[in-house]
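A.B. asks: If you want the building blocks of each chain, they are given just below.
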Amino acid sequence: MNSPRPGQRGEFAPTSTSGHHGPQGEVETAPPNSSGGLDLFTLGEPIADTKAPDGPIETRWQRRRFDAKLVNPANRRKLTVIVVGTGLAGGSAAATLGEQGYRVRSYCYQDSPRRAHSIAAQGGINAAKNYRNDGDSIQRLFYDTVKGGDFRSRESNVRRLAEVSVEIIDQAVAQGVPFAREYGGLLDTRSFGGAQVQRTFYARGQTGQQLLLGAYQALERQIGQGRVEMHSRHEMLELIVVDGRARGIVVRDLVTGEIGCDFADAVVLASGGYGNVFYLSTNAKGCNVTATWRAHRKGALFANPCYTQIHPTCIPVSGDHQSKLTLMSESLRNDGRVWVPKAAGDDRPPRQIPEDERDYFLERMYPSFGNLVPRDIASRAAKNVCDSGRGVGQTGLGVYLDFADAIDRLGRSTIADRYGNLFEMYQRITGEDPYEVPMRIYPAVHYTMGGLWVDYDLQATIPGLFVIGEANFSDHGANRLGASALMQGLADGYFVLPSTIADYLAAGPFEALTDEHPEVVAARDDVTDRLSRLLACQGDRTVDSFHRELGQIMWDHCGMERTDAGLRKALAEIRALRDQFWQRVKVPGDGEGLNQALEKAGRVADFFELAELMCVDALHRTESAGGHFRAESQTPEGEAQRDDDHFSYVAAWEFTGADQPPVLHREDLHFEYVHPTQRSYK
Amino acid sequence: MNLTLRIWRQTGPDDPGRMVSYQVPDVSPDMSFLEMLDVLNDRLTLDGEAPVAFDHDCREGICGACGMVINGVAHGPERATTACQLHMRHFRDGQTIDIEPWRAKAFPVIKDLVVDRSAFDRIVAAGGYITAPTGAAPEAHAQLVRKSDADAAFESAACIGCGACVAACPNGSAMLFTAAKVSHLSLLPQGQPERSTRVVGMIDAHDAEGFGGCTNIGECTAVCPKGIPLTSIGRLNRDYLKATRDRDGAPAT
Numbered sequence: 001m002n003s004p005r006p007g008q009r010g011e012f013a014p015t016s017t018s019g020h021h022g023p024q025g026e027v028e029t030a031p032p033n034s035s036g037g038l039d040l041f042t043l044g045e046p047i048a049d050t051k052a053p054d055g056p057i058e059t060r061w062q063r064r065r066f067d068a069k070l071v072n073p074a075n076r077r078k079l080t081v082i083v084v085g086t087g088l089a090g091g092s093a094a095a096t097l098g099e100q101g102y103r104v105r106s107y108c109y110q111d112s113p114r115r116a117h118s119i120a121a122q123g124g125i126n127a128a129k130n131y132r133n134d135g136d137s138i139q140r141l142f143y144d145t146v147k148g149g150d151f152r153s154r155e156s157n158v159r160r161l162a163e164v165s166v167e168i169i170d171q172a173v174a175q176g177v178p179f180a181r182e183y184g185g186l187l188d189t190r191s192f193g194g195a196q197v198q199r200t201f202y203a204r205g206q207t208g209q210q211l212l213l214g215a216y217q218a219l220e221r222q223i224g225q226g227r228v229e230m231h232s233r234h235e236m237l238e239l240i241v242v243d244g245r246a247r248g249i250v251v252r253d254l255v256t257g258e259i260g261c262d263f264a265d266a267v268v269l270a271s272g273g274y275g276n277v278f279y280l281s282t283n284a285k286g287c288n289v290t291a292t293w294r295a296h297r298k299g300a301l302f303a304n305p306c307y308t309q310i311h312p313t314c315i316p317v318s319g320d321h322q323s324k325l326t327l328m329s330e331s332l333r334n335d336g337r338v339w340v341p342k343a344a345g346d347d348r349p350p351r352q353i354p355e356d357e358r359d360y361f362l363e364r365m366y367p368s369f370g371n372l373v374p375r376d377i378a379s380r381a382a383k384n385v386c387d388s389g390r391g392v393g394q395t396g397l398g399v400y401l402d403f404a405d406a407i408d409r410l411g412r413s414t415i416a417d418r419y420g421n422l423f424e425m426y427q428r429i430t431g432e433d434p435y436e437v438p439m440r441i442y443p444a445v446h447y448t449m450g451g452l453w454v455d456y457d458l459q460a461t462i463p464g465l466f467v468i469g470e471a472n473f474s475d476h477g478a479n480r481l482g483a484s485a486l487m488q489g490l491a492d493g494y495f496v497l498p499s500t501i502a503d504y505l506a507a508g509p510f511e512a513l514t515d516e517h518p519e520v521v522a523a524r525d526d527v528t529d530r531l532s533r534l535l536a537c538q539g540d541r542t543v544d545s546f547h548r549e550l551g552q553i554m555w556d557h558c559g560m561e562r563t564d565a566g567l568r569k570a571l572a573e574i575r576a577l578r579d580q581f582w583q584r585v586k587v588p589g590d591g592e593g594l595n596q597a598l599e600k601a602g603r604v605a606d607f608f609e610l611a612e613l614m615c616v617d618a619l620h621r622t623e624s625a626g627g628h629f630r631a632e633s634q635t636p637e638g639e640a641q642r643d644d645d646h647f648s649y650v651a652a653w654e655f656t657g658a659d660q661p662p663v664l665h666r667e668d669l670h671f672e673y674v675h676p677t678q679r680s681y682k
Numbered sequence: 001m002n003l004t005l006r007i008w009r010q011t012g013p014d015d016p017g018r019m020v021s022y023q024v025p026d027v028s029p030d031m032s033f034l035e036m037l038d039v040l041n042d043r044l045t046l047d048g049e050a051p052v053a054f055d056h057d058c059r060e061g062i063c064g065a066c067g068m069v070i071n072g073v074a075h076g077p078e079r080a081t082t083a084c085q086l087h088m089r090h091f092r093d094g095q096t097i098d099i100e101p102w103r104a105k106a107f108p109v110i111k112d113l114v115v116d117r118s119a120f121d122r123i124v125a126a127g128g129y130i131t132a133p134t135g136a137a138p139e140a141h142a143q144l145v146r147k148s149d150a151d152a153a154f155e156s157a158a159c160i161g162c163g164a165c166v167a168a169c170p171n172g173s174a175m176l177f178t179a180a181k182v183s184h185l186s187l188l189p190q191g192q193p194e195r196s197t198r199v200v201g202m203i204d205a206h207d208a209e210g211f212g213g214c215t216n217i218g219e220c221t222a223v224c225p226k227g228i229p230l231t232s233i234g235r236l237n238r239d240y241l242k243a244t245r246d247r248d249g250a251p252a253t
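Chains H and F, in that order, give the protein sequences.
Residues 1 to 682, numbered by full-length UniProt numbering, are exactly what the first sequence covers, in order.
Residues 1 to 253, numbered by full-length UniProt numbering, are exactly what the second sequence covers, in order.
Please keep in mind that the hints were generated in silico from the structure rather than gathered at the bench.
Glycine is no exception: its CB is placed at the ideal position from the N, C-alpha and C atoms.
A few of these clues could be false.
Below, simulated SDA-like cross-link-like pairs (lysine to any residue); rule was C-alpha separation at most 20 Å, straight line [said to hold, decoys possible]:
no., chain 1, residue 1, chain 2, residue 2
1, H, K69, H, I47
2, H, K78, H, I259
3, H, K586, F, L40
4, H, K586, F, L46
5, F, K147, H, T414
Some chain H residues well away from chain F (every beta-carbon gap over 12 Å; in silico) [what the hints assert, rightly or not]:
no., residue
6, L254
7, I259
8, R524
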């Protein structure tokens, strides 16, 4: 038995110390020790979420809010909060904190807070309104989300999310978000993956845009009233920690190149996910891990980094020049049918393939959910049919998403009403008309469930550091359901954080800081040193060429399917490539003024370090769960096989220094209300 | 295909700027316009020259970050298409393509093709919202909205704030941008209480930022990647007239 105790070095996931899962030593699937001599990590003390109340789950959030300290309105004016990021989470948090009377300073790297990548979310937002009278409830949304996350999320958090979901819709409607409506004037809803009820509210294919503009307008109102100070085109490059508390950030003004420090009583990171570690993803080009990674290096634990979501319906890669991938909303699976030819190598045009020679593989494999199985399942199914040689398109890496039946049934104009803008986008990119020929789609990296570890209050392991939205790890477990990202971002930003942060701020204001404080000087020097090193290399390769290569390694070995051997190979390759990066990268220009290559270089440098941690996390978790599919752990039907006896925990990683093995802290997960089962969508 | 690009280069606000020619060989028709610029920038970087600065982010036509005047047309030759969604299959081998930044007094150039569009944010801050503090919202179904109103509001709300309308307008007016927000909110029942203060506040901010007046030319709507209709400006004018008449008293007849 290879089961290290705290303090020991471990090559593999320790197994026998998670007491509540069963007697120690009762381990049948303990992974073999094939250590190649690498010390990948050490095992630290377990970690626990001490903020979530226990007792009946229905009243936990209510009780936490009642028990949390309050800050009276006169004192709020004396407290400053920095919010990094202006997406759904950050924008709504900054606006709400401003409304409450705190002094807020908001930062984003884009030229306007309205451009944060939440804007690109297409399909919708879930809420347990049960307007359809189809059996929905807070309890059912809670259940679907815990199950959808493959039983790797916290019950308390998910329950709260489901409760808050109904308030979000009210809030957005009051702001004038133009959701789709029925002829009677009521809000329309549709279905999304992993649910058998219609609880997804939407604004055509631009739900994220409309919700973000709602938050942005609320934020601009606070800016206009002088309660929020906005700093666009600024990028956070370091977290300032003084006396164990998060007290500020080091930022670079992307226009002047000036490095500055800003201080506050609390810092909120709402900086999004890290899908761009794969280079090609559906993220915006600027999305990056730097804010959260810098905080991680300063002591914040990073949880479940290997949980990444590969979205099944994206436009396939067309060539080496490809700079990003474009999502085709999951909502398309309401009416589109996914298929490939039954015979491998059948390269007839799709309309010439007769019905009985087509394999509608999702409908065949999962008759009760059909085309609307959760994303992880749909993606793997698509990969498997392509791996068996039945993929379509020039590269063979694609499956059809066909609307012919829906157009016959509903008419072209109904389909245009529902998905018109998506069809146009598809046509612009591919030059093909999806009303006439089926779309070709393939899975692509879309969302990251992992992120900085936070407790029930959304506070990281550094006091005073709060993390919201995709940047934290909290609510989606190992797989996020469609239309739940918007829900979580807005739940965190409008409702959860503004309640919980007061409990921390009640102890403030904290001692005033100046630029001369040793911790501030050190943080600032770290930033200027790193930028100087990047500029000084003057090698022979561009930042993008390294990023592309890193992304390929991650996609090949830490993507839709992961193996022990592949992950080890990836680790060795990443380390070698990272060394090359620091010797051979060429960043033109200097640090003065706008230098987009320098911005990218700093982000890619952090992606290298994150990539290693993702692989270590994926290697240690020898089970499959949700978006994390280990080839060694599957059911006879090829579905993800969890190993609850050994892995029913959150893996929270501690940074110990560059090239030092990280320390694993485990937070055991307890399920009192939703009993873990083998997920089935058949 | 092989292309000649003539690109506006300007090192900073104080540099007068100039067009510079570049040859770009081996362009694939499947590339997006920005991917073609990526290829150029990689080469410039390795040659020790400064890459061309341009704003971009989502590259799927929704964030509104990208924007450049391509052969004299904001966002280029394809209708209802942002520069990031424009593909090289719409150009031909051997073509010369001019690429310039948005040019407007209220959008000062920062570098090359990057301009400062923060004036748009200040117009929104001057009234482009519905006051609905978090937590105070009534139940979503408490107020019904006619589907046609919701759809029309959505049509205006689809504006991505890219600034093409300003770049295309001979007056450098941001009236289509402003009207899109005014229309979106004034079409909804939730937007009624602030309908007058909103339009007046936004127009005041618009003028103070140095945007020109609207003379109903319509270049804005022709280049708008989201097809915001010119009728939204009519709606803005009506709201503005009513708001100022209510404020100033009806003009003597």
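A.B. asks: For every hint, state whether the structure bears it out.
C.D. replies: For each hint, the structure was consulted:
Restraint check: the Cα-Cα separation between K69 of chain H and I47 of chain H comes to about 24 Å, which exceeds 20 Å; the hinted pair is violated. Taking the CA atoms of K78 of chain H and I259 of chain H, the gap is about 26 Å. The hint is violated against a cut of 20 Å. Under the criterion of a C-alpha separation no larger than 20 Å, the hint pairing K586 of chain H with L40 of chain F is consistent with the structure, at around 15 Å. Note on K586 of chain H and L46 of chain F: the hinted pairing holds, with a Cα-Cα distance of about 7 Å set against a maximum of 20 Å.
A distance of roughly 15 Å separates the Cα atoms of K147 of chain F and T414 of chain H; the hinted pair therefore holds under the 20 Å criterion. With a cut of 12 Å on Cβ distances, L254 of chain H falls inside the contact zone with chain F, its closest approach being about 10 Å. Every C-beta of chain F lies more than 12 Å from that of I259 of chain H, the closest at about 18 Å, which supports listing it as non-interface. Distance to chain F confirms R524 of chain H as a non-interface residue, since its nearest Cβ pair spans about 25 Å, more than 12 Å.
When held up to the earlier numbered hints, the structure conflicts with 1, 2 and 6 and fits the remainder.
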